[in-house]
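**Student:** Here is how the chains run, residue by residue.
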Amino acid sequence: MASLLALENFKVRYGAVEAVRGINLDIRKGEVVALLGANGAGKSSTMNGIAGLEPVAEGRVLFDGQDITDLPPEEIPVSGLTLSPEGRRVFSTLTVEDNLRMGAYGVRDGAVIDAARKRVFSLFPILAKRQGQYAGTLSGGQQQMLAIGRALMCNPRLLLLDEPSLGLAPLIVEQVFGLIATLRDQGVTIFLVEQNVAGALTIADRAYLMSSGQITRHVTADEMRTSGSMVESYLGSQ
Amino acid sequence: MGANDIDLILQQTVNAVALGGTYALLALGLAVVFSIMGLINFAHGELMTIAGYVLMYCGIAGVPFVLGVPLAVASAMLAAMAMERVAFRPVRNASGATLLVTSFAVAMILQVLFQNLISPRSQPVIVPDLLGHSITIGGLVIGVNKLFAIAATLVMLVALETFMTRQKHGIAMRAAAEDFAIARLMGIRANTVIAAAFALSGLLAGVAAVLWVSQRASVDPLMGFTPVLKAFIAAILGGLGSLRGAVAGGFVLGFIEVLLAAFLPSDWQEFREPIGLSLVVLMLVLRPNGLIPAATLQAQKA
Ligand SMILES: Nc1ncnc2c1ncn2[C@@H]1O[C@H](COP(=O)(O)OP(=O)(O)OP(=O)(O)O)[C@@H](O)[C@H]1O
Ligand SMILES: [Mg+2]
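Respectively, the protein sequence lines represent chains H and E.
Mapped onto the working numbering, the consecutive letters of the first sequence carry residue numbers 1 to 238.
Mapped onto the working numbering, the consecutive letters of the second sequence carry residue numbers 1001 to 1302.
Source of the hints: derived by calculation from the structure; they are not laboratory data.
A portion of the hints provided could be inaccurate.
To be verified - Sample of chain H residues with no beta-carbon within 12 Å of chain E, all distances over it, derived: (1) Gly15; (2) Asp70; (3) Ser122; (4) Glu174; (5) Val188; (6) Asn196; (7) Arg217.
As the list claims (entries may be wrong) - Derived list of chain E stretches under chain H, where covered just means 3 residues or more per stretch with a C-beta under 8 Å from a C-beta of chain H: (8) 1188-1194; (9) 1268-1276.
Backbone N, C-alpha and C fix where the C-beta goes; we use that ideal spot for every residue, glycine too.
Sequences are here, hints too, so could you generate the full structure?
**Tutor:** Below, the structure is given as structure tokens:
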């Protein structure tokens, strides 16, 4: 299958600190790929660099064969890639409805927006009930759903999810992982950062393990099936 | 309380709403720009002055006032967008202090240009006679210019509220004010949002200038300074960066000034300004983040 996202010698720096030190990876259409690693490994920096929230210091980001490394962040969702960032970052002073509207900001066709909203509401019925409410008044779990829903509003072909289960009650975490599986079935390719390694491994096709800004291991689909627990102990031993 | 007292209070309320409304429009212009890019634009006053001079030239050229007003407002909008493009875009990501100094420089350059290219002295502006008339309602005598100011303020506030809560681009401006980086991630263009914020602030400054000039029928190079200083105080009183706060702050300041002018004993009148400012400071002591704090500030404090 064709590669949808490729990172080549990808680096992200904060001043003198090199948070991501030249990684290479590859995500194919229709896959769910997990990026796992300890706190401070550079997972969010990777996600933010791809989506344009942080500048890429060196290397290249190829999305569907197109070089998007130096595109300003506002151009990237238009090309079909978006991020649900760490810490949710919903617009708390906007209503649920307006948050979703902003997610579809780059979409011109009203019918496409309506269809996307319908899909989000069928995935998260609670959001339909809270449409007129300010996002800041939602519970943590609902805000997470809104963050994911908002990202889905631009009909991305590749969805980056940075710790979607963080801080959620176990029941909601299960729902979020269920949702990721549903999205995959709908044809969305997903690149996922998770602290919840066990959960991530149940839905991911492959995983990259990251430590100190580098990819230290690639777990293939076959290995995932046979030795998921190996990954957990590998990460646990770091 | 006699009928006269009630008339006096109503009279002063009208004055306060008219003055406070103008402050509110100016404070709102400052707040829109501050909320998006963290810039306190001291050159906002010069946008007013530009609109004032356009009204003046329109009068000289025989352009009717009803045409001069939209021209003046449009010129303030264009000037605001030009200011952003030329002066503020190059320093957009600089510190707040750099932005502030840049805005001072822009203000001073414009003031010097007005003094040298137009006139250092106050110039008369032709305003329709109608604005100088007043109408009597019961025992109340209300200047037409005051009614005009109140009506214009109301129209502007309702239009702006509708734009910010109903229109896609207005909502995008609020989103960008709350979290600029994430707004860009949604596909909202940084340049567009910032240009729109300046255009909006120019619109508000232009309308405020028309109201200001309508009361005074003159314009001078420093015309914008005092009202914008007041608007800045109003914006802080309301909660810097908060749009509703700016409006509230503008009206509260208008009421303080008008009521002090009306009811302070005559031998206290020379202390009117310091007393008014002390009241503002007292309110800020009680509510350090302003009357209606900006959401981003609340988020930081949480
Ligand atoms: N804005 C920033 N400025 C400076 N350093 C940063 C910044 N963001 C992250 N870092 C540093 O970069 C490194 C990688 O951080 P990053 O947030 O990418 O890790 P992470 O794997 O997402 O961690 P976590 O699991 O805690 O979310 C860390 O050392 C962090 O301190
Ligand atoms: Mg992280």
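**Student:** Each of the hints needs a verdict: does it hold here or not?
**Tutor:** Hint-by-hint comparison with the structure:
no. : hint      : in the structure
1   : Gly15     : 15 Å, holds
2   : Asp70     : 14 Å, holds
3   : Ser122    : 22 Å, holds
4   : Glu174    : 27 Å, holds
5   : Val188    : 17 Å, holds
6   : Asn196    : 23 Å, holds
7   : Arg217    : 30 Å, holds
8   : 1188-1194 : holds (count 3)
9   : 1268-1276 : violated (count 0)
Of the hints listed earlier, the one the structure fails to meet is number 9.
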